[in-house]
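Here the structure of chain A is known, so what remains is to put chains B, C and D in place on it, guided by the hints.
What follows is each chain in one-letter form.
4 protein chains.
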Amino acid sequence: MAMVCLSDFEAYAKKYLPKIAWDYFAAGADDCTTRDENILAYKRIRFRPRMLRDVSMMDIRTKILGSEISFPVGIAPTGFHQLAWPDGEKSTARAARAMNTCYIASTYSTCTLEEISAAAPGGLRWFQLYIHRNRAASQQLVQRAEALRFQGLVLTTDVPYTGKRRDDVRNGFRLPPHMKVKNLERAFEVCKVSPLDPSVTWNDIYWLRSLTRLPIIIKGILTREDAELAVRHGVQGIIVSNHGGRQLDEGPATIDALVEVVEAVRGRVEVYVDGGIRKGSDVLKALALGAKCVFIGRPALWGLAYKGEEGLQDVLRILQNEFRLSMALAG
Amino acid sequence: MAMVCLSDFEAYAKKYLPKIAWDYFAAGADDCTTRDENILAYKRIRFRPRMLRDVSMMDIRTKILGSEISFPVGIAPTGFHQLAWPDGEKSTARAARAMNTCYIASTYSTCTLEEISAAAPGGLRWFQLYIHRNRAASQQLVQRAEALRFQGLVLTTDVPYTGKRRDDVRNGFRLPPHMKVKNLERAFEVCKVSPLDPSVTWNDIYWLRSLTRLPIIIKGILTREDAELAVRHGVQGIIVSNHGGRQLDEGPATIDALVEVVEAVRGRVEVYVDGGIRKGSDVLKALALGAKCVFIGRPALWGLAYKGEEGLQDVLRILQNEFRLSMALAG
Amino acid sequence: MAMVCLSDFEAYAKKYLPKIAWDYFAAGADDCTTRDENILAYKRIRFRPRMLRDVSMMDIRTKILGSEISFPVGIAPTGFHQLAWPDGEKSTARAARAMNTCYIASTYSTCTLEEISAAAPGGLRWFQLYIHRNRAASQQLVQRAEALRFQGLVLTTDVPYTGKRRDDVRNGFRLPPHMKVKNLERAFEVCKVSPLDPSVTWNDIYWLRSLTRLPIIIKGILTREDAELAVRHGVQGIIVSNHGGRQLDEGPATIDALVEVVEAVRGRVEVYVDGGIRKGSDVLKALALGAKCVFIGRPALWGLAYKGEEGLQDVLRILQNEFRLSMALAG
Amino acid sequence: MAMVCLSDFEAYAKKYLPKIAWDYFAAGADDCTTRDENILAYKRIRFRPRMLRDVSMMDIRTKILGSEISFPVGIAPTGFHQLAWPDGEKSTARAARAMNTCYIASTYSTCTLEEISAAAPGGLRWFQLYIHRNRAASQQLVQRAEALRFQGLVLTTDVPYTGKRRDDVRNGFRLPPHMKVKNLERAFEVCKVSPLDPSVTWNDIYWLRSLTRLPIIIKGILTREDAELAVRHGVQGIIVSNHGGRQLDEGPATIDALVEVVEAVRGRVEVYVDGGIRKGSDVLKALALGAKCVFIGRPALWGLAYKGEEGLQDVLRILQNEFRLSMALAG
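Just so you know, the sequences run in chain order A, B, C and D. Numbers 1 to 331, taken from UniProt numbering, label the letters of the first sequence in order. Numbers 1 to 331, taken from UniProt numbering, label the letters of the second sequence in order. Numbers 1 to 331, taken from UniProt numbering, label the letters of the third sequence in order. Numbers 1 to 331, taken from UniProt numbering, label the letters of the fourth sequence in order.
Be a bit skeptical, because a hint or two may be false.
Ranges between beta-carbon positions, derived for each pair [claimed, not checked]:
1. A:Gly-267 with B:Arg-48: 53 to 59 Å
2. A:Arg-213 with B:Arg-48: 29 to 35 Å
3. D:His-178 with A:Met-58: 36 to 42 Å
4. C:Arg-174 with D:Lys-14: 52 to 58 Å
5. C:Pro-86 with B:Asn-203: 32 to 38 Å
6. A:His-178 with B:Val-4: 24 to 30 Å
7. A:Pro-18 with D:Val-4: 34 to 40 Å
8. B:Ser-7 with A:Val-4: 31 to 37 Å
9. D:Gly-66 with A:Ser-7: 57 to 63 Å
10. C:Thr-212 with B:Tyr-206: 57 to 63 Å
11. B:Arg-48 with A:Glu-185: 34 to 40 Å
For lysine to any residue, the following SDA-like pairs were computed, each having C-alpha atoms within a straight-line distance of at most 20 Å [stated by the list, open to error]:
12. A:Lys-43 with D:Asp-256
13. A:Lys-14 with A:Thr-62
14. D:Lys-19 with A:Lys-14
Think of the hints as simulated: they come from the structure by calculation, not from any bench. Ideal Cβ placement from N, Cα and C applies to all residues, glycine included.
So that you can see chain A by itself, here it is in the shape it has in the complex (with noise of 0.2 Å):
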């Protein structure tokens, strides 16, 4: 079968995923209407083509807080690769790195921030972090990450609970027993009582600021009252985001969302966007509406569950040209 849009790599996880771990990662919250909306969202908007421009050279490169990717995609902070490919969390890092872009890692890797460093150094990447409530736990994380070269903190706000996902519960989702959340191995378990703090609020930005000079980066942010706070306590970018949809179910699609955070930023910190990103025209909008980059969650877990590595690459590949076209077919 061939491999031309990133369909094809929805399929096939589908058809080739335990469905324990497909239904985790296609989890969307409650009705799962707010992870359709990212993608119903984008087909709402229409381009404009403009004609008979010079579109034999283009330049898709950007630069994120200062540094370089090759075009305007990263890949999105998600949670156990290794239900992906064996590998986990060190082929996406080899895959980023291969493809000169972005990966955030989260702080629910199935590899250690060690490992992931190690697999692809010099690669280009953020770490995600919660808050917990043991803030030590927090402050090591972020300490051991600044050690290891992540050139970016991304605090997700949008998780002081895990959102209900229903398909989870029936399924009685858990890691299985070889896998860890390793980052955290003494310090948390899975499914047990939260470790994440659901009493964080605006002034524990300053305190992350107090331990690290990495630039933080919020995310989840969804309202132009929530990205003008985000400003005012000094972070250096805002990704909108809804989690994939996967918390609060019925809020806004993120391109939606995305209009009016940029609208209330003004320009003041770099503004990404994730959520519902699945042809390189996708990106082109989110581009053309304010977004400096998109990241990519699901899309890069179908290219891992389809060839690890390589096929992360084939994903990334795709959309590069995809967005490419579109800026010459939109001109």
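Chains B, C and D only, in chain A's frame:
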């Protein structure tokens, strides 16, 4: 099968209830447009989720007409609970008390008010009333309810005649011989000429007022004009309701009507809503739009059909957890 | 099978009529968009139901051009009733008289005007007219109708040529040999060159006026501009109609066009509407939007197909009951 | 099977063409959203039909760039007609001449311009041109077309690169060995690096102008900005087109774009449209919105696939009859 969300209870009830009972509970008037709109209208409403608020402590209790309930979801008046579970309304009363919420017992109960009272002494209950051609029958019901310490009178206004529910006509729906509308035994027989008085007007609120010191809650209001009239006629509460879409088809969804009713009432009386509540996030939307509390109809019957008192508690507990989670995730 | 609503008659007719006859009655032009829109447009209109009004006594009689009918639903002109029931238009006339409403007999009847008259003496009837290339034929029809005490002339304006109904073309539709367009016998043969005059203009209203003292009702108006012209040319009534979606596809639904026609007419003449009426609540909507009365086309044919005169009475009685119930429930 | 409307030809072609050929003709870019929107957008447009106008004589002829055609529907440029019928573009040319309309021959024809010319001497034809990296090849084509009395040059602007048509990629689409892009034989081979020049800009219009006295029609314009540029660069006509949805997906439907282009052009040049025409009423809508003439792409191919020259005439004749009927019925 795991019971994860309210749809699971619906599927169970559809599978295990006798068709004639399922059809009766599920029935909507005419094309069932309004019945279905009640649900669809919730799906059209989007949250604007806010981040980084301390949601570690949340108080979801509320008060309705001065009585505290454990969370803002009560049991709407629906008829014939013995069709769903042998103990009928006695189970409903027990479940409501166990969950510390309000149960509105229907005139069309298959247990007497006395049986309901005795089944769960001390529970918070309101009594739902129609005004009969035979006013003495209505008066007697009001006085029995007051004597039994029901704490509110809910006057249903949208049944001058019964709506046309096609499946019930096809099925020739009537109660099985061993069930009775016990509250009205001698005064009433199902399926003969309706005992309900179609000539009732706003002036009858004064008559009702003269019979009792209980607060009067008016149910079935869908317009700002009627909301204003209700306030002027001295009611204590309004339930925005279209009778679950069982009366006039192609009127507004209740959550849409709620907005204009709340606006018209301007806080002078409490406003509640029923119809279409299927998830905790629906409760949150109703409250955000000005409802003090919501009431569930069919989901309560599905819970009864599943496991009687225990099943209804399951339904309420799921809603409670979902509501709490939605509040946390929406900030 | 219980006949509970008009769809039941439709299902019956579809099952028991010969395919060629069913297809002919069901046919819409081209993609049948307008035929279906006539129905969908009603579904988009919402009631604002009012409560606590005395609806114990409701008078649903009305007058059209001075003649009282038992409720505001008449029989629209449709052709070839013998395709539905052996007695054809004679049964239609009897049913309309029995229900005390108005029947608009079509030029394309399979009974003569004289037979129709004789079948139900004293019934309220209008005659539907096309203007023929052979004006003498039209004049003779008008004079026969007037002599037979038809009480109105309905001039159809939307058939300069017959619409393209694909199924009829595929079926090679024509009347079976034992049926005839009896009113026009010598002057007319189906399926040859059309006898209808495509050069008819507003001035021909004056010519028609000169032939008869009967009120002229113009049928097929869909715009405010034409409504104004109709009033200026002295007609007594307007039927907003798109010929059941059988002529020009992708024009407006009649209930939508009604609004602008009523607005343009400003009460100077009576306005009626046909197309898409399937429930009593549709009738109420049409009246609420300014129609004096509605006419049903296909549902009348389904009634005939079910049980002739008796079946059509069933259809009318169901509409009448649904209309009365809707009025009561809408307050 | 009776061929009653264009969908009948589509169904025939889908059934009888080799899958690879059907897929190639049917293909749209990416998700085929724009391809399908071209059709759906017509369905959203409603007529305001006027009555009682003399429609006995209707003249449906028109002139495009001074040449009379029998009705306002021409043949859009599409490639590889031999995939549909052995005689390929020769049949197309004969059918167009027989129906007295304009045929725009594609650069990607499987017959030479000379063969096309010889097949139907005297027919009205325009030649569709891409600008090649090898300008000499383009210049030679222009000069051959002019010498062969083609009467217009249609410059396609929306193919700096070929759109991503997934099915073609999956099928590994290429011409069968016995067919050739004959106009370009030595200069061009399908499926190697594209010979089309992506660096073309508006200035190349001047270069083209310098080569020929033929009128230049620019094809692929979708915005008012580009329409203005086209007029300023001295073209004689504009074809509003999105290449049948085969290039950039999720741009506007052509009938929607037509409105803004017509508005921008203000009559300074002729405006045509292609894409989504499936019924005579679509033609009428396009004309009502300001198009001078429409062009059909896929339907012409279906006609060829059905019966070559004769099948294409059938398609044109059906459109012609439907167009005339729509005009009459819309008044």
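Problem - Numbers of the earlier hints that this structure fails to satisfy, in rising order - result: Per hint list: 1, 4, 5, 7, 9, 13 and 14 violated.
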